[in-house]
Amino acid sequence: MEEERLVSGVREVLAEQGVDTRELRLSRIPGGASRETWRVECPAGQWVLRREPGGSVSLVPMGDEFALIAAAADAGVPVPAPLAFEPDGGRFGSPGLLMGYVGGTSVAPRVLRKPEFEQARERLAGQLAEALARIHAVDPAKLDEVLPETSGDPAVAQIGEWERQLDEIGEPLPAVELGFRWLCANAPEPAEPRLVHGDFRLGNFIVDEDGLAAVIDWELAHLGDPAEDIGWLCIRSWRFGNDDLPVAGVAELEDFISAYEAAGGATVDLDRVRYWEVFGNAKWAVICARQAHDHLTGVRRSHELASLGRRICEPELDLLELMR
Amino acid sequence: MQDRPTAPELLDSVAEYLVGELRPEVPREQRFKVLVAANVCAIVAREIRAEAEPDQADLELFNELLGDQSSDVHAAAAELSRRLRAGELDDRIDELVPRLEEHVRRKLEIARPDYAGGGP
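Taken in order, these protein sequences are the chains called A and B.
When we follow my numbering, the leftmost residue of the first sequence carries the number 1, and every step to the right adds one.
When we follow my numbering, the leftmost residue of the second sequence carries the number 1, and every step to the right adds one.
None of these hints come from the bench; they were simulated from the model.
Glycine included, every Cβ here is placed at the ideal spot set by N, Cα and C.
Hints should not be assumed to be uniformly reliable.
[Claimed, not checked] Reference excerpt, derived from the structure (chain B facing chain A, CB under 8 Å, subset only):
| # | residue |
| --- | --- |
| 1 | Leu35 |
| 2 | Asn39 |
| 3 | Gly87 |
| 4 | Asp90 |
| 5 | Leu96 |
| 6 | His103 |
| 7 | Val104 |
[Unchecked claim] Negatives, chain A to chain B, calculated, CB over 10 Å:
| # | residue |
| --- | --- |
| 8 | Arg11 |
| 9 | Ala15 |
| 10 | Leu24 |
| 11 | Ser94 |
| 12 | Gln119 |
| 13 | Gln127 |
| 14 | Glu192 |
| 15 | Glu254 |
| 16 | Glu261 |
| 17 | Thr267 |
| 18 | Ser307 |
With the rest of the complex left out, here is chain B (with noise of 0.2 Å):
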């Protein structure tokens, strides 16, 4: 176990030093790399906050649409991919739409929340 701050408060810090503290000090031009290191900072901590819930239900979806029982949600990603691009799936292609989605959401949940909602 290790002491408080978490690994996620400690990232917070962080961010916030970047953004509050950092980012007024810097010429202009490099103010933008301060956000997308504080930005960088934030996507991580939510990534650990989330813990394994994610990874877990893109498995069981990738499984469920493949029926297949793999274990490992990278390899599972990766046997769709060559089965859509190999023509497997064309017949699919309209239920898979929004099972994928959901996939994707989840991907946002950790990178971007507030990116769902402006439509395309």
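Chain A with its partners taken away, still in its complex shape (with noise of 0.2 Å):
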């Protein structure tokens, strides 16, 4: 879709919303691995246009995530508002999300790393420990027509789902399949469904000095275990090179948990988290597979995400050491 048409379209949305559009501009913000992003800017404010390209890993539709994201608003989670949806074909071409601006970076070594996010660090796992609380606390019931809902053993829903995913790739990958089978024979005893937000980690978190201001990207949230966000926010890759850090590059695990369960999260089973980690290694290979393959099929060519194909074996190798 042109530039131009997508501009006309935007306009039109938020004019809807009763904004004051002149000299409304469009930029294309650089990243963001699966999605499309855009900054929209006019005097009267900014906000955030993403757009799915197709073909990227996505458990939830874009509509659904707005709805999503609505929810998590309600619940006390710091969100970008959202603000308009538009279906496939829809005024923003592709289906797209038009949401309040956030300021502040979501790229991890930043964050991890200058000195103006000196304080910032200090309170990020506090701070994320109360949104994954709020998150955590969102009421399954007002999800029913957003989410599929589970049948059975969370554990197993999903270790299915991402051998799916693997499937779709068709590329093989002996020891992701043999964590699958040692997640399978070692699930532990089925939690209670609740939203699981399923890609909680840097990258996903727009953090400004103050810490942190919102968290984005719910396109894999799903009703699940809730130790998997904290499993998932544990592993390796995104430490970011901080590695004996286990919690995003930023606390001891000890720390985090006391601060989600005086937060309001359910007490949490450090072995249950460690289960969780064995499976967001084998996840994130999958993942890694699936942007390489997205890369050779054509759905978006990019030497980033060529390169992702190379980085399998690194939770390869995370994922094989703590199944010892």
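With the hints as a guide, bring both chains together as one complex.
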């Protein structure tokens, strides 16, 4: 879709919300491995438009993501204000979500190393724990039209989902297959299903100098075991080099769990978190393979996506070491 | 026979240019992409230098685990994956963890030699 048509589509949607759209400009924000992101600016305000290029790893259709972000906002989770959703062929061309702009950065190495985020880093673990406790406190009954119901064991459901994703790619990853068999054999007692963000990690947090400003990228959300989000947050890839601090490269797990429980989260079992960390490494390996596959099949040609194919072995090693 | 530089030597030269000369010249938000490009060159250079040895070692490993005589490492990996998924190797999980770690470490030697040793 040509940029001009996109601009007029966005102008129309904003005008419906009562916005004065004179001097409206759109500029592409680089990055975002699976979705296209545009910054929308005019003297009256700033917004962000996210569009789905199609073919990307996404468990949640964008229209449902809109409802999810609204539910999260209601639960007190910091999120960008959801403004409008347009379906495929709508005024944004491909499916798109228009949201309030949140200042800050989502670039993980910047958050972890830049001096201006020093105070943010000190606060971040506590803020993440509180946000996650609120996500997990959302009443699943409110989501029954948004997220598919889980039948049975959430661990079995997730293993099945990511095996299916791996099958779609068609590349043999024996270490990941072994991981899934181990996960089947070692599944914990089924948890009562809660809203799980599914990609709760640095890179999907907008951080400003005061810490967490917004949780973004809800496209892998589902109903599942809340410990899944904690295990995912702990995998080595999301420490971005701060390997000795397991929680997002900023905190010890024990401190994070104390803050999570203090914020109303259910009591956390460390073995369960460890289990979901094993799962998280298998899932990240599949996502890496999927992104390389999107390059290879021409969904989106990018040397960045291509190079992720050669990062599969990183979570594979962590997966196997955790299984020992 | 081709003249020097060899293929990996050529890739080294491109990687050096990308990191040393190009990276400081491009806008900040593009710098990561330049590093990724340099890293891709380094991966390919290591893969060429390693020749057929890692693939051969993987083929022998997969054949041993499967009790097969395959001559195609990709086909052997696919067969191992299929049998794992079917649950046919469920009673050998503990045995397979360190063996598949050998395979994964061979991939890391090419893709990211500094990764092993960090611990999960």
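Tell me the hint numbers this structure goes against, listed in increasing order.
Those not satisfied are hints 1 and 18.
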